[in-house]
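> Build out the structure end to end from the sequences listed, making use of the hints.
Chains A and B, in that order, are what the protein sequence lines are.
Everything in the first sequence is counted per the numbering used here, starting at 1 for the first residue and increasing by one.
Everything in the second sequence is counted per the numbering used here, starting at 1 for the first residue and increasing by one.
Because the hints were derived from the structure by calculation, they are not lab data.
Backbone N, C-alpha and C fix where the C-beta goes; we use that ideal spot for every residue, glycine too.
Heads up, a few of these hints could be off.
[Said to hold, decoys possible] Below, a sample of chain A positions facing chain B; criterion: calculated Cβ distance under 8 Å:
| no. | residue |
| --- | --- |
| 1 | Gln4 |
| 2 | Ala7 |
| 3 | Ala90 |
| 4 | Ala119 |
| 5 | Val165 |
| 6 | Ser265 |
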Amino acid sequence: MNKQRMAWLFLAPALIVLGLFFLLPVIAALALSLTDYDIYALANIHNLRFVALSNYWLLLQRPLFWSALGHTVYFVAVGVPLSMGASLGAAMLLNSPLARMKPFFRTALFAPVVTTVVAMAVIWRYLFNTKYGIANYVLGHLGVHPIDWLGDPHWAMPTIILFAVWKNFGYNMIIFLAGLQAIPIDLYEAARIDGASALRQFRHITLPMLGPTLLMVSILTVSGYFQLFAEPYVMTEGGPLQSTTSVLYLMYEEGFKWWNLGSASAVAFLLFLIMFAVTAMMLRLSRRSEGADA
Amino acid sequence: MSPRMAKAMINGLLIGGAVIALFPLLWMLSVSFMQPGEASSLPPPLLPSHATLNNYRELFVHAGMGTYLLNSLLVSGAITLLSLSFNLMAGYAFAKLRFAGRERLFQALIGALVIPAQVAMLPLFLLLKYIGLVNSYAGVIVPGMATVFGIFLVRQYARGIPDELMEAARIDGAGEWRIFLQIVMPLLKPIMVTLAIFSFLAAWNDFMWPLIVLTGQEHYTLPIGLASLAREHSQDSELMMAGSVVTVLPVLVLFLAMQRYYLEGLLLGSVKG
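Rendered as structure tokens:
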């Protein structure tokens, strides 16, 4: 019995912190999203009214919510495959027996991951400046006209995606590299003796052997990319013409600029539900394709 | 393709990748030493014509960068120390102490990982407002004092400790706290270093929560201070690059010094997860 009590004493600090500052707020967020908590309720709690699902209903009718969701889905749908492709490509280069100075290249390619998003986003703003930025200068030599990277609504999101890929690909690269190193070398040798091309080796050995890692990494990356916030906050302030306003950016403005905490909580919950649905769907699809293979 | 060509191509691609990864960082460093306005000329200069430390002086004397730097050190240091102790204790309990409902509670914690942290932020702000912690260091620190990821990492590692070690000490009459402090902690040292680096980097780079809970400049951490400077001084690229150097350099140096521990932790936390 005493042993049990000791165990709970060891657990208590962490569980109290997680319960009080995570679990309780999450439950409160659900409650909050069913109220009209706004700046008047912030001043005097008696102004608070229960509005049932009306926050959700109103959100689903707001064009801004749908466009924010659209921008976020765009960021995820283009950014995740590009990121993972870059990670896998870099990992395969590092894993090649022909590569030299591997520790240096590994560190160099990983360096952007540990840097601060805000500081890097500030740098990218200058690198992608229309007039003096190096990006346009280099492209100019290739005969490309100056692009208004962050000022043109069509280019702003692609620029942010490019930034996110540059900043994040090193993380998954390390995970893929460990996965590649775990593949027995004999498999490739047997395939080579059978005359399989590099491309076929990649399709029939590398990809299937990485399968579980690929699935886990893609789910984690998708959830991470749905939480787009700091990049548009620093690089574009959600603009131009709200073309980079993400769901979380909308939540931040709704909650902490306009103090509509009820409706902002509804935004947060909708994002959570969408993320949950997407990752659950990815899991199910991967199980089905596994079943089809077997 | 001949082996020599393949070798040239692979190493060429690696060099290209490293240049893309490092160029923005090197450019930031170089521009931070340029005279005001120098970077805004054509062709874009790569190196300062007359290197100067004026941007750094300007930042620390007039822009309050020193305060932000101290704030960041204080907040990240406190989060690292507190979360390290709490996560260690909990992770050890989940791995080695027996109590009713252990597996179910651990599963519930792992399950909670699907909830994005931002869902909790709005009520958390209200909660901290009612207990008076908005716009204080404590407001940033308190929600970071324990993490599911940290508990998970410690549990994975602590499961490798043989039970006999603890049993022998119990037979000798050692109390649970003494066993934890004198026998278990020394064995957990590698994971402690890993977790400390992870927590420090995450706390240092964190943006959204400090942005929400810190409403006055005097408590700003570096990322928040830098973002607000960037909105005021968007034309002063040299000044902003110096600010970026101050923000990034500490974590970059920490990573380079402790790389092995960091990468090991990254794999422990994901591949086995």
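> Determine which of the earlier numbered hints do not hold for this structure and return their numbers in increasing order.
Hint 5 contradicted; others consistent.
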